[in-house]
Amino acid sequence: MTFEQLTAKLEALFPEKLNCYTEFKCNFIKVKDAAAYKAVLTALRDEASFKYIVDVVAVHWPKKREKFELTINLFSIQNKLRVFVKVAGEDNKFPTITDIWAGANLMEREQYDLMGIVFEGHPNLKRVLLPEFFEGHPLRKDFPLKERSWFNNADEQGLGLKFSR
Amino acid sequence: MGLIDRKLPDNVLTTTVDSVINYCRKGSIWPVTFGLACCAIEMMACGAAKYDLDRMGIIFRATPRQSDLMLVAGTVTRKMAPVVRKVYLQMPEPKWVIAIGSCATSGGIYNTYSTVQGVDEVIPVDFYVPGCPPRPEAFFDAITALQKKIMTEKVVRK
Amino acid sequence: MINNNISEVITVNMGPQHPSTHGVLRLVVDIDGETIVNVEPDVGFLHRGTEKLAENRTYHQVIPLTDRLDYLSPLSNNLAYCLAVEKFFDVKIPERAEYLRVILAEMSRVASHLVWIATHALDIGAMTVFLYAFREREDILDMFEVGTGQRMTSSWIRIGGIRADMPEDFFVRLKSFTDKFDSCVDLYENLLTNNRIWKMRTIGIGHLSAEDVQVYGTSGPLMRGSGVDFDLRRDEPYGIYDRFKWEIPVEEAGDTYARYKVRMKELRESNKILQQALEQIPATGEVMTDDPRVALPSHEDVYERMEALIRRFYIVSKGFKAPKGETYQGIEAPKGELGFYLVSEGEERPYRMKIRAPSYVNLGALNKMAAGHMLADLVAIVGTNDVVLGEIDR
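Residue numbers (this note's numbering), protein chains in the order written: chain A, 507 to 671; chain B, 2 to 159; chain C, 422 to 815.
The shape of chain A in the complex, shown without the other chains (with noise of 0.2 Å):
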């Protein structure tokens, strides 16, 4: 199945919802309605097989009306075909897809942890890379590179630690 397949097929379940577009040799499925989101992702693994999930990336667009825009990246390997499903929002706010592919877990907790993307319905939706006494988010446009003040926030392990540069 090529993507110009693949596009006839989806639009043929989704009518009106999907924009799908190739950049730079990458093929995009642009989400328009939010709500069918997962449905789909749902079809992509169900009807396409496209059963082997490769990321979740998370972009903070601060100037734009919809802040906040996931790409799932998704494989194919019976039609050696790759996509990208993209969906976006005014909040930071997602459905998860851990009960889609259970590999999306760590992926998701990633984006959480630095982008501050909550996954609704995660079932474990906690800081993975930073310490839990980190404030904000590090890959957001407005955090600043060297804020290095949260250092002193905490002393976890009651070692009288002070950090001066």
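Some hints could be false.
Straight-line Cα separation of at most 27 Å, BS3-like style, residue types lysine-lysine; simulated pairs [to be verified]:
#1 C:K739 with A:K647
#2 C:K513 with A:K570
#3 A:K531 with C:K620
#4 A:K569 with A:K523
#5 C:K620 with C:K686
#6 C:K745 with A:K523
#7 C:K596 with B:K51
#8 A:K632 with A:K599
#9 A:K592 with C:K682
#10 C:K745 with A:K592
#11 C:K742 with A:K573
Keep in mind that the hints were calculated from the coordinates and are not lab data.
Here the structure of chain A is known, so what remains is to put chains B and C in place on it, guided by the hints.
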């Protein structure tokens, strides 16, 4: 030395307690394996066949309780810093620390929100080895420098 | 009197300072007696903020950061990043550079797998393999040093080609290395493949089915060890891999032993690719593209022409602008699918760079692999996962 030289029987040498103990210490440095990042791979390469740290009496120990040298090889982040400190506190005296690589020395290229700018914010450091990662020869240089330092220490009066 | 019917789950901590976690991985393990009930990896002890740092650097300046992700195979990371940026420009890479890229990437794969077999065997209790595998790894690092001047993090693959051509000595050394390397793999296999202790520690441990690996997104040898015939070098071709004849090793069993066999075969297949690349590589030629959008003008040009000097100064100091859009490039790195997702706003710096790190995703399946096994087997399972913390934490 000259006065008592001929008054002692054969096979007796005179020296100081300091230098005997220091001599033993410098020949059996046991570092704690504390690989944090890229430099740890070069540290492993030092321990392997070609460079062979064993010939200097260096055997990596997996526990801080049995070691007297800490090789901090890699980037220290805020999340890791209390662990570094804790492992250091668990080591028995006398203990020395070598910071390996630019990250452990000064934060290196990682001047970001999560990286500690040099391990000397957390623990005292004896020697800094530059490089990203440093070559094994630089490791050996640091270790021979440490051995020289050990020979100058006063054991009894400490 | 001991009542055997009472079972009590206790939580133990493993790491971050633990000799067999390959760095600073912390595992919170719930055990019932000695049986693992649940494993939760706690990562982030090496989180250096690479993705944030990349947003504030030009496209050229990001290359040294990629070296330090998967520090066992730095040149594979360079390759993945450069291919992703090149997708923006559709650059034509010179022939000789393509071959050198394949050679460097496959050498990195061999070096990475050698560290994996060394540490995996050391964790399970076979120290001899460690010493032999590092002996061969030193040969590869020496070749890197001859060619690039740096043992590990050389940043040698650049956007539009490679930094400079390799000296003659590099090819002489590589030829003799590829000639002897198959017998070296025989040596490791002699020590392990039929070793009874090795088989008892690995067969049936950490099972993943073909369905699981796709649902969890675990790629690379973990996928091929579970019977899924998938390799990005063939299925989403990049570079010039279609010119070589090699096989993709697949094992059906899905346990630690199967993954061991897959990686050992990969060592031989990489060696085959290296031999063919050495035969086919054109004797001379450019190694950097002359596309003025990404490549620095040559030194001769800079000394002669004002425009070239300005261009060079501009690219070095300010960087080049990538067109607006988003792109992704995944390569078959030693650990699995390594990908760079780049979002460009038409500026000199990437607006967002997401690294798809294979080790991080593979770690998601750890609980699935380890539940029900003994605590001592966890060491084997972490070893077979082939984790590199620089890549997991980024």
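Item to check | Those earlier numbered hints the structure runs against, lowest number first | outcome: Violated hints: 2, 3 and 9; rest satisfied.
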